[in-house]
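From first to last, the protein sequence lines stand for chains A and B.
Following the numbering used here, the numbering of the first sequence begins with 1099 at its first residue and continues without gaps.
Following the numbering used here, the numbering of the second sequence begins with 347 at its first residue and continues without gaps.
Hints were generated in silico from the structure; no laboratory data involved.
It is possible that some hints are incorrect.
Unchecked claim - According to the in silico footprint, chain A covers these stretches of chain B (three or more CB under 8 Å from chain A): (1) 397-410; (2) 413-427; (3) 439-445; (4) 449-458.
Remember, it's a predicted structure, so these values are computed and weren't measured experimentally.
Backbone N, C-alpha and C define an ideal beta-carbon position, used for all residues, glycine too.
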Amino acid sequence: DTGVSQDPRHKITKRGQNVTFRCDPISEHNRLYWYRQTLGQGPEFLTYFQNEAQLEKSRLLSDRFSAERPKGSFSTLEIQRTEQGDSAMYLCASSSNSIRSGNTIYFGEGSWLTVV
Amino acid sequence: GNSVTQMEGPVTLSEEAFLTINCTYTATGYPSLFWYVQYPGEGLQLLLKATKADDKGSNKGFEATYRKETTSFHLEKGSVQVSDSAVYFCARTPNTGNQFYFGTGTSLTVIP
Chain A
1099 DTGVSQDPRH
1109 KITKRGQNVT
1119 FRCDPISEHN
1129 RLYWYRQTLG
1139 QGPEFLTYFQ
1149 NEAQLEKSRL
1159 LSDRFSAERP
1169 KGSFSTLEIQ
1179 RTEQGDSAMY
1189 LCASSSNSIR
1199 SGNTIYFGEG
1209 SWLTVV
Chain B
347 GNSVTQMEGP
357 VTLSEEAFLT
367 INCTYTATGY
377 PSLFWYVQYP
387 GEGLQLLLKA
397 TKADDKGSNK
407 GFEATYRKET
417 TSFHLEKGSV
427 QVSDSAVYFC
437 ARTPNTGNQF
447 YFGTGTSLTV
457 IP
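Chain B extracted, bound-state conformation (with noise of 0.2 Å):
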């Protein structure tokens, strides 16, 4: 298959807390791995990437491994701002064609 998995929100955490979203997928093979962010009425903006299994992709505090062994991508911050309040997409590239798949979203809140 070509799902992905990840943790269902919402998710809500006072300001510097640490933030852990987790993210599986199935696939054959090795798909390139991705973490889009979507602040409110916009559009989604990618926040990291990884292409190969071990590879580390981080952005504004923001990191995710890419585990082979595991099949997961898990996003973690380890001091939340009210800023990173947003909905966050775990996203990989497909077997085969050219949809990228996405999952169903997390909601994060960040309260003062």
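Pulled out of the complex, with its shape left as it was, chain A reads as follows (with noise of 0.2 Å):
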């Protein structure tokens, strides 16, 4: 299967503690985002990187959020310092931009965070 993994799928964690995602896209996209969905509502956009620059954030994504792509391939989502509104699914998105792809994005499965 070559498609967008993410990893962990769920996390629960306590108040205050640390957690990270990791994405590994589609291989040969250049293209990857990070959305954060909440229950009952649509994905909202949080980052996105072309290669491994991180060219687009969201007004979304407090300091205690951080993302990575160090080298163009996997990224990683990292939240400190938890907190329980913090609470939702994780997205990751990769797309190419080859005019052929249409500028059509895949997700993966996405990661559950619960903060207790």
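Make the complex out of the two chains shown on their own, each in a separate frame, by following the hints.
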């Protein structure tokens, strides 16, 4: 399977702890996105990478959040000092900039975070 | 603006009924339009897309036509199945930048 892979799928953590999620995009995709989704809502954009460069960040991405894509392949999203309001599903997506792809983004299965 | 507005749910249909989920967008220019489907506990899967006006996207019996004159991309299926029960999201590409814009989702339940 060469789809977008996310790990872990589920994480329960105590308030104040740090958590890190990993995303492995589709191998030939140079664009990578992180989104957050809460129950009953659509995905909300967090950040975007083209290769290793983080080109866009949402205001939702507070200073407790940091994302990296050091070699332009996999990415990590770290949340420091977690709060209960951080409980959500964190979705990673990737896309290619080829014209044939038609700007389509492909999502992983998501990483569920529960902060207790 | 860059909004996507879709029909609120939840929608409950009997098996083999006709489905329409409305989606409209605001845009300057011509975004690409998408429908994604999300099954419980899973990520979003691309269902279909259209990249220019009058294009029709289709997949698994679902169809949506890119209507520039009404800025709409309504999702339709002639005969739904129980396995179609999921949440459906309409989405569009941005005018500038890289964040896709999603609607709030429409939950569909199909009962036997």
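Here is how each hint holds up against the structure:
no.	hint	in the structure
1	397-410	violated (count 1)
2	413-427	violated (count 0)
3	439-445	holds (count 4)
4	449-458	holds (count 3)
Hint compliance for this structure: hints 1, 2 are broken, all remaining hints hold.
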